[in-house]
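Listed below, chain by chain, are the residues.
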Amino acid sequence: MTAVDFAYHRPASLGEAVRMVGELAPDVALLAGGGSLGILLNERAARPANVVDLNEVPELRGIQEENGEIWIGAMARVYDVESSELLAELVPLLPACASTVADPSLRHRVTVGGGLAYADSSASLPTALLALDGVTVHAAGPRGERPIPIDELFVASHETSLAPNELITHVTVPVPPTGARTAWLDLDRRHLSYSLVSAAAVVETDDGTIRSARVAMAGIAPTPRRLSAVERALVDGPTDEAAVHGATTAAAEEADPPSDLHASADYRRRVAPVLAARAVLEAIGRTGRGG
Amino acid sequence: MNAKRTNRGSIRIVTSVNGAALEREVKPRLRLTDFIRQELELTGTNIGCGHGVCGACTVLFDGQTVKSCLMFAVQADGHEITTIEGVTPVDGLNEIQRALKANFAFQCGYCSPGFVLAIQQLLDRYENPSEEEIRFALGGNVCRCSGYVNIVRAVQQLARERVRVGA
Amino acid sequence: METEERVSKGLERARYLGRSTERREDSRLLTGRQRYVDDIVVPGALEAALVRSPFPHARIKGIDASEALELPGVYLVITGEQLARDTDAMNQIVAGYEQYPLAVGRARYAGEPVAFVVAENRYIAEDAADLVKVDYEPLPAVLDRDAAMRGDVLVAESDTSSEGERFVVGEAEDELADEAEPNIAYHEEFTFGDVEGALREADHKVERQIIWRRSCGVPLDTNGATAIYEGDGHYTIYANLQIPRVFNTIIAPALRTATNKLHIIVPPMGGSYGTKMNNYRWPIVCGYASKLLGGRPVKFKESMVESLEQGESHAYDRRYTVRGAFRSDGRMTAYSVLLEEDLGAYPGMLGPAMTLKPISFISGPFDVPVQSYEVKMVLTNKSPQTAYRGFGSAPHNLALAAVMQQAAFDLGLEPEEVLRKNFIPPDKFPYTTGSGNQIDSGNYNSALTKTIEFADLEALRRHQRELREQGRHLGIGVTLGLEPSMFDYAYFVRTNDAVPMSGAPEYITVAMDSMGQVTAFIGTTESGQAYETLTATIVGEELGVDPESVEVVLQQATEADGPGFGQGASRMTVMLLGAAKGACDKLRAKMIKIAQHALGTEEEMVVSDGRVYVEDDPQRGLPFIVVGGIAHVDTTKLPPGVEPGLKATHVFDNPSVTIDSHKGLQANRLPSYPSMAYAAMIPVVELDPATGKVELRDLFICYDCGTVLNPATVEALHHGGIAQAIGAVFYEEFTYSEDGQLLANNLWDYGLPTSRDLCPIHSTTDETPSPWMPLGAKGAAEGGYIATPAGLLAAVNDALRPFGARIDEVPITPERVLEVIDAANGGER
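Chains as they are written, first to last, in the working numbering: chain A, 1 to 291; chain B, 292 to 458; chain C, 459 to 1287.
These are calculated hints, taken from the structure and not from any lab test. You may find that some hints are simply not true.
[Stated by the list, open to error] Okay, the calculated bits of chain A under chain C, using three or more residues with CB under 8 Å as the criterion:
no., stretch
1, 70-82
2, 149-161
3, 267-274
[Unchecked claim] What follows is a set of in silico ranges between Cβ atoms, one per label pair, in the way DEER data are often shown:
no., chain 1, residue 1, chain 2, residue 2, range
4, B, Asp415, C, Arg543, 37 to 45 Å
5, A, Ala45, C, Leu529, 54 to 62 Å
6, B, Asp353, C, Pro512, 56 to 64 Å
[Claimed, not checked] Some chain C residues near chain A, calculated using beta-carbon distances under 10 Å:
no., residue
7, Ala507
8, Arg580
9, Val763
10, Phe1188
11, Asp1215
Ideal Cβ positions, reconstructed from N, Cα and C, are used throughout, including at glycine.
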């Protein structure tokens, strides 16, 4: 219930943070919202010699629009995403997803960057970001800044392509076209726990046909994953329920789900197409319950 | 501000708890809940699960509810903390506490300080919350005794009263 | 339901009882002023941490604490070997088993404590615990009951009982079977009537095998203790321990001292639901540690992970094989139960008795005298159990209700028809069950009818048909289950001839001071039932004074004015009513004597409204302050032969002891539960066959716990019980991995329901008074939990019916639902 002793470092600027992380790596853990690291530390599952607290670095905060993109600081809280009027107007998928994360108290602390860096299979916001087009995760390290297309961020369960001496500074999200319709869906066993599977859908339609589709899911692979085969099956297809459910059957092959005490891999593989279809149908304004 | 290190591996923090400014030296790994309960002897905040689920450890951090078991005392440096003791009048009960009592909301009481703060946050944010919004907002506070029915009733009553009073 | 306006039937003429009196305790709870065990600061207290076995079964070859002891701030490391040498083993309720608070020689479940490290604070204690080196030799482990019963691995290697003494109770005699039954701590069969014959002759038989996987109360306040050795065998121990006056009989011998030298102080507990009955380990170890440290206070509080893994905080890991014999019209003619319970690594003090309680209501609310009950208590390398709400009743109700529903389906009847056909009719009460228990009262038809009307069952079924046409699947359950209250200890110790226990009395002292102020003293611990408010209302009603003016003191074990056990088995309301009447009768009699003498009259007088006055001439009387003054400080005015003071203690004997018909149960150590509350319910769920997810839509319930003293608090208790039932049926399971690790060892994974995980609960009540209990009241504190799981499972199986599928286990997970649907499709998806 208590952590091992660690040295605590609190940078007051981004430059200081990058320098500290560079010097202390690899035996350093970055403290963002504490939703993951707080638990790992207190259960002694993580025993870093150093902890760098990013909560007082002003350059990592904020959500703003810059050049047709939304700039989201790594330390933007999930609550900030949930309550952002800017995002509600321009990227509604993100507040919709954010509002389902845990509970209000946790959302006041857990961060966008923290979720991305932890790369958990069931992470919600990272999955939603994966579904959006052109999202870039920006990292900074001793060798400078590095943009990482989000498709290249997640490597394995709890492993990203970040180097041990890098930290995420912000995420840029191109504003989706006005015709893009989105939905976020969870399948929970119980609300305050990790979802069994979740799906994010970003769809454009034109007169009963799907013109573009991006579908990402949580809980169906070691990390959040985009379902490219499903997307291909959806594009240029009809928007009716039967067709969409037919298209998402490809999700079962793309899935490589984890097994845990709540559900087996087999179960997750089986329901993945259902959730994917329902998310797509909800995005395009149907109920999604038929299949 | 930078963390002010002392010779013994402790960090000096300057914080405000329930409106009172104070200065302490804390070890980095000291949990915020332990700081509140042991160092400051404010035992109204309780430890339930210690891993961010039950909300018995809820306090306000710069006015926002947080689960203090997932934070460290060093993080309080430069910030304001409010505990249940900070929202309770010297004598008697505040409006939220009165409504909870009148509605038989709690039984053993272990979770109730956390709920009082969560309810305060919810009423500050929502003017006329639906039942679903209330349940959603309280979804991070576990009560094992009550089944939540009367807690929700109390919040609905409070919300109605606030609308009436024009709060 | 507007509880504010409701007054209990039968208490309309009362002044205070029967109303929803606000709880005075709330002022402490809501402000954070309440002091739970972890809030008690004992100056100089050291804190402890545990070293725990990572293996479900392992020989402990050696423990090296030398490096741990070198860490600054570390005071002591205790091992099981030391406890075995310096303390006595903790009693187990099954003869022939031995357990110490730390593993001795072998660890028998993953997480079992192996060493206890005492240091300046918990942080350092955990640092030191990390440095303790334990040399384990892993052994094969047995993790399910069938493997255990095959006997390849013995959990209790050297215990004689694992030779399998088998007691079979026929109608007349005990028979001892010779064959060895490995890993069965106790096995007994109770047969009442010709069950096999009835099954052979039945028009229709239902046989089901039903699994209830382990879950438990999981209060947010975990077990903890602070102990101070005071010298000469005296200990002061703060602990959140339920029923300290039974479990001090484990602590004192363990510490090799006497019970009257053990000052156990139990502060208000943050929830118990029975689970804190097992918090005797830490008082023993902390006490022992304090003695070794020359009296330095030693404190230990379990973290939640520790509580779930090694707090012995599990319950009900059951396989039921149940059989019902029916006539074709739905009338049940016999009911047979086989219960195979996985108790974990030790029988402990509580698990075994929880398997026996249902003998008091084998066929529940149904008039089925021909019945049998066989129980096998199996040991495995998992956590032992503790008591939990209902003490074994909820799973029993679940299995019975499943059989009734199945009969209805098979015979083409509505479930409520089958229920009504079999209910014990109101005119048969007090009713003697096949097993010899007498049930006080019940009007099951009334509760069921009320629920059906309240829920508008007809409309629900119409709605269900409409939704089915749209491809949606609603499930509607209709059940009624008994919720026993008021226990007696005789059967509790059936599994251990060496332990004599019977009855369960309770005392109260009511006193009036020199200023006429009233204080009541009771001997119970408290975990949310508002006993102060309850007692003040009862005493206020008796003496005709405003309950607000009555102070209530909860006496600790060594201060208690009389015998009693305190909270448990929903007993305190009835016991306090009985005790308070006796004490107030005595007090009133003395007050009247004093007033008569002071006024020089022999006329009849009454005590009410703060005065003692002549019944026929109310003007003539004395206020309490004068009567109290005479009794304490103006004592020359007392009548001759009357001693000073104004205090009366009364002990109320458990009705199961005073009611003649229960004496036989006592003598035979069979469960005696004379008071049965009950609840009828109609839960409504919706099943999503594509994902297996079950959404809760509504729950309609009518509960009857006799005369209700405080409608609002009783309703709130039921809400909580229902929520726990929903948790047990859908979200909560102590899941173990194949290699014996507890996977659900935290609250992310062990699913306590939040406010978003329930459905609207619509409750109404009936009040069928008990002819035996004071004011006709019955126990209510476990209510809602005991009857509800049965209704929830019935609702889900109603939803599964069109698929030809059925689920026979709880918790009901989405995956398990899909499995049964697949199975009904012949394995196809």
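Hint check:
For the stretch 70-82 of chain A, the stated coverage by chain C is not satisfied: 0 residues place a CB nearer than 8 Å to a CB of that chain, which falls below the threshold of 3. Restraint check on the stretch 149-161 of chain A versus chain C: 0 residues with Cβ-Cβ distances below 8 Å, three needed, restraint violated. Counting residues of the stretch 267-274 of chain A whose beta carbon lies closer than 8 Å to any beta carbon of chain C gives 4, which meets the minimum of three for the stated coverage. Range check, Asp415/B to Arg543/C: Cβ separation about 60 Å, and the 37 to 45 Å hint is violated.
Taking the beta carbon of each, Ala45/A and Leu529/C are about 21 Å apart, not inside 54 to 62 Å as hinted. For the pair Asp353/B and Pro512/C, the supplied restraint of 56 to 64 Å is violated, since their beta-carbon distance comes to about 41 Å. Restraint check, Ala507/C versus chain A: the minimum CB separation of about 8 Å is within 10 Å; hint holds. Given hint, Arg580/C at the interface with chain A, holds; its Cβ is 6 Å from that chain's nearest Cβ, closer than 10 Å.
Hint status for Val763/C relative to chain A: holds, with the closest Cβ pair at about 7 Å, below 10 Å. Interface hint at Phe1188/C: satisfied, since its Cβ lies 8 Å from the closest Cβ of chain A, which is below the 10 Å cut-off. The beta carbon of Asp1215/C is positioned within 10 Å of a beta carbon in chain A (closest approach about 5 Å), and the interface hint is therefore held.
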